[in-house]
Amino acid sequence: MNEVTLKRLKEATKVSGRNARHEVMIRLAHSLKHIPVIDEVYWEILQEDKQK
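According to this note's numbering, the sequence shown holds residues -1 to 50 in order.
Read the hints as simulated data drawn from the structure, not as lab findings. This one's a predicted model, so the numbers in the text were calculated from it and none came from an experiment. Any given hint could turn out to be false.
Across the chosen pairs, the derived CB separations fall in these ranges [as the list claims (entries may be wrong)]:
no., residue 1, residue 2, range
1, R19, W41, 15 to 21 Å
2, A10, Q45, 18 to 24 Å
3, V2, H28, 17 to 23 Å
4, Q45, N0, 28 to 34 Å
5, K8, S29, 15 to 21 Å
6, V2, E38, 16 to 22 Å
Glycine residues also receive a C-beta, built at the ideal position from the N, C-alpha and C atoms.
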């Protein structure tokens, strides 16, 4: 992970209140949601984050 990405991730975790793992999971789901397998579980991934 480059320095700019790491800096943005740290800033996002401060704003969202999520830990880095969950922030990355959500960002990855957003970027891959056009793939049918991901699209099927996209909302489940987001709901999983809200439960934690």
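Quick rundown of the hints versus the structure:
no.: 1; hint: R19 / W41: 15 to 21 Å; result: holds (19 Å)
no.: 2; hint: A10 / Q45: 18 to 24 Å; result: holds (19 Å)
no.: 3; hint: V2 / H28: 17 to 23 Å; result: holds (18 Å)
no.: 4; hint: Q45 / N0: 28 to 34 Å; result: holds (30 Å)
no.: 5; hint: K8 / S29: 15 to 21 Å; result: holds (19 Å)
no.: 6; hint: V2 / E38: 16 to 22 Å; result: violated (32 Å)
Checked against the numbered hints above, the structure violates only hint 6.
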